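Chains as they are written, first to last, in UniProt numbering: chain A, 1 to 445; chain B, 1 to 445.
Any given hint could turn out to be false.
Any copy will do: because identical chains look the same in the list, a pair fits if it lies in one copy or spans two.
Using 30 angstroms as the maximum straight-line C-alpha spacing, the simulated DSS-like pairs for lysine-lysine come out as follows [as the list claims (entries may be wrong)]:
#, residue 1, residue 2
1, Lys269, Lys26
2, Lys303, Lys315
3, Lys55, Lys315
4, Lys281, Lys103
5, Lys303, Lys281
6, Lys440, Lys103
7, Lys303, Lys349
8, Lys294, Lys315
9, Lys303, Lys88
10, Lys315, Lys349
11, Lys441, Lys160
12, Lys26, Lys294
13, Lys88, Lys103
14, Lys441, Lys55
Keep in mind the hints are simulated off the structure, nothing from the lab. These numbers were taken from a predicted model, which means no experiment stands behind them.
Number of protein chains: 2
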Amino acid sequence: MLKVAKFGGSSLASSGQMAKVGEIVKADRFRRYIIPSAPGRRFSDDTKVTDLLYKCYDAAAAGEDIDGRLDEIRGRYQEIADGLRVKKVDLDAEFALIGDYFKRQAGRDYAASRGEYLNGKLLAAYLGFRFIDAAEVILFDAHGNFDEERTNEVCRERLKNVEYAVIPGFYGAMPDGSIKTFSRGGSDITGSIVSRAVHANVYENWTDVSGCLVADPHIVENPETIQTITYRELRELSYMGASVLHEDAIFPVRAEGIPINIRNTNRPKDEGTLIVESTVKSPAHVITGVAGRKGFCSVNIDKAMMNAEIGFGRKVLQVFEENGISFEHTPSGIDTFSVIVHQSEFADKEQDVLAGLHRAVNPDRIYLESDLALVAIVGRGMVNSTGTAGRLFNALAGAGVNIKMIDQGSSELNIIVGVRDEDFETTIQAIYEEFVGKEKKQTSR
Amino acid sequence: MLKVAKFGGSSLASSGQMAKVGEIVKADRFRRYIIPSAPGRRFSDDTKVTDLLYKCYDAAAAGEDIDGRLDEIRGRYQEIADGLRVKKVDLDAEFALIGDYFKRQAGRDYAASRGEYLNGKLLAAYLGFRFIDAAEVILFDAHGNFDEERTNEVCRERLKNVEYAVIPGFYGAMPDGSIKTFSRGGSDITGSIVSRAVHANVYENWTDVSGCLVADPHIVENPETIQTITYRELRELSYMGASVLHEDAIFPVRAEGIPINIRNTNRPKDEGTLIVESTVKSPAHVITGVAGRKGFCSVNIDKAMMNAEIGFGRKVLQVFEENGISFEHTPSGIDTFSVIVHQSEFADKEQDVLAGLHRAVNPDRIYLESDLALVAIVGRGMVNSTGTAGRLFNALAGAGVNIKMIDQGSSELNIIVGVRDEDFETTIQAIYEEFVGKEKKQTSR
Chain A
1 MLKVAKFGGS SLASSGQMAK VGEIVKADRF RRYIIPSAPG RRFSDDTKVT DLLYKCYDAA
61 AAGEDIDGRL DEIRGRYQEI ADGLRVKKVD LDAEFALIGD YFKRQAGRDY AASRGEYLNG
121 KLLAAYLGFR FIDAAEVILF DAHGNFDEER TNEVCRERLK NVEYAVIPGF YGAMPDGSIK
181 TFSRGGSDIT GSIVSRAVHA NVYENWTDVS GCLVADPHIV ENPETIQTIT YRELRELSYM
241 GASVLHEDAI FPVRAEGIPI NIRNTNRPKD EGTLIVESTV KSPAHVITGV AGRKGFCSVN
301 IDKAMMNAEI GFGRKVLQVF EENGISFEHT PSGIDTFSVI VHQSEFADKE QDVLAGLHRA
361 VNPDRIYLES DLALVAIVGR GMVNSTGTAG RLFNALAGAG VNIKMIDQGS SELNIIVGVR
421 DEDFETTIQA IYEEFVGKEK KQTSR
Chain B
1 MLKVAKFGGS SLASSGQMAK VGEIVKADRF RRYIIPSAPG RRFSDDTKVT DLLYKCYDAA
61 AAGEDIDGRL DEIRGRYQEI ADGLRVKKVD LDAEFALIGD YFKRQAGRDY AASRGEYLNG
121 KLLAAYLGFR FIDAAEVILF DAHGNFDEER TNEVCRERLK NVEYAVIPGF YGAMPDGSIK
181 TFSRGGSDIT GSIVSRAVHA NVYENWTDVS GCLVADPHIV ENPETIQTIT YRELRELSYM
241 GASVLHEDAI FPVRAEGIPI NIRNTNRPKD EGTLIVESTV KSPAHVITGV AGRKGFCSVN
301 IDKAMMNAEI GFGRKVLQVF EENGISFEHT PSGIDTFSVI VHQSEFADKE QDVLAGLHRA
361 VNPDRIYLES DLALVAIVGR GMVNSTGTAG RLFNALAGAG VNIKMIDQGS SELNIIVGVR
421 DEDFETTIQA IYEEFVGKEK KQTSR
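Produce the complete structure using the sequences and hints provided.
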């Protein structure tokens, strides 16, 4: 058994938080490779260390004095070191070196990476684990693209005889040794990459929520946590706006079939959410989750006998393609074909698209409908239960929501509903209440 | 006020039927231009005169003796003439001429047209109306295409000073005078063309049903008649399999905004169905009608991140286009795109399409689902009523129908549902019961 555990910025924002992480790691001897983020926010309007580092580096580039800024950053680490009584890390020397590199303009990626690097050093010292610099084991090629093959090989070799280690997240090195970071939130990716390289049994991703939620907590009060979700479902919910994991973080472990366990550092007893390739476990509810996004519009094209016209749909989509616009859905009726696009992407090219459509397919009528929201109801449980669509649309009717579009393909894994932007929150709430809220109340009676 | 009235084959199959037609025409002095079909079936395994004519002509072409066949056909007309005591039409001379032309191989179109021609002569004599040969007023160009402009002009001019006339349906003439027919059922087209040319106030289409039915009477027992339907709704129901009027028969009157009134010769007091361009009249029920067809299949394409790939949908549709396959719907989820096609059209080219899709878009997976039926719920009333989708899907769930696909575009005029072929009848019945049957029972209580 081997677990890789990644801890997010809020889990490592202060000595108090890091002490919790220490307890968690020590509680399970299979948690062998630990991936820390940089210290995050300690309170809601706090600044993340990564942002302080970027600002400090930019100030150095502008020729400003950065001693004050460096002191502020150092203060964050000092608090952690003092609170945990970690003496082994020489913060004086580290910050002297960082200050020096900043003045020599070693790169913004280098600057940002120091957040994870220093946090990793402190955490390793606190846990008594070996510190392994990510620059040694996470490798990019000369073009700056992540080098999957070499990383797998080098990382596996390096960790072969290391029982316990801390490897900072978010960055790696180019062939010339210079530091290169992933995009923001990239510590998730590091954890996923290391999990794959060492064939972990599970990739634990510790954060400040007890897993993926059935619905957005900004819309639904205190939504339930999803116990088990498939990669596919997660991908669908993320695509529709649910923010859980960095998209790129899913692929490395998914390729190996390694489950991800989202856990809450502040509630370590919660089992969190298990993200798996597939499972025979029945989901708790018919739907696994509901998510959505606003800001779409629908381009509706009417033309008599269009179905008899081979090439009609292709020509329509080609016009969007030529204007560089991707589409989300193409619901169609009889003699009517709609293309749902992002309003922000479409607005600029609106007239070009309309002119293009007139030229391409000579429609009877084109009309636009703006300010639409798309909501996806996702769940592997939907395949085996009849009546889901009935419950869904009855709930929406009960909430007074007017349905602008419905799209359900043969996957049966999701139903996508188009509503007016202004009905977006009501839609999510009504769906949650129907499929989760109601059932919860029945169970608790 | 001017009405054009077309009578179908069953309305003119015998002297008894033609007597009913006489009463109908005489009951309204505005019924000025009458378009007859050829005599249809008098009982369920009777043969239509048009079919007798085709067979007789083919026998002549094969050098067979056709006297017996001509006698059989003549018998049909003789019965009508005798029953109505029409003496003015010289059937001896007419059939001598027809026999002569058949032997000289005057064309299958000529042969078929004689059914309407003779029926028109008899009806005109019976009504005391002027007989005008369709060859005079329905004109085709040298390529055999219907010549709309010349027909309009010639037909209007010819009828300007004719108060009452019978014009046989189904055929017209080429510039060289030879006879050319529309496709089978083409008398509907003649009626529509004449209605447009003379700016009729209404085009009455008399048949053996009291109008368009809400659902197929082979599936739903004694379905309700639709009182008022828009051209658009009718087109949608016809497209989905409801057989009402010849498709091409709708365009000429629609272009002029002339309403069509479908009436029942056997129940002339029934008001039938009024087909209109648009109407403020509320429909009797939320749905105007339900219709569907079997024999579709779904080609489901999965690929991670497909929505980010501009051109994905276009490339998919292009493969179908290159194989000459038209598609019905393209429902999509997240990372999944389905193309619904006619199974019969797809089956032959299945492997070419699959190979083409692999080449074009390199999908993660393609899977086929066969034996699907599409059912359309059509109704202008759906726009203004919420809860339709809820009622619909609840009704289907109650009937144990598994939904394979849902497609509702922004038109809101229809919802299309995909189900398994074996659930087709149950689906139609459940929808009829929910939206019409139930309401009827409530009203009658």
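Would you list, in rising numerical order, the hints stated earlier that this structure does not obey? Hints 3, 4, 6, 9, 11, 12 and 14 are the ones this structure does not satisfy, whereas the remaining hints hold.
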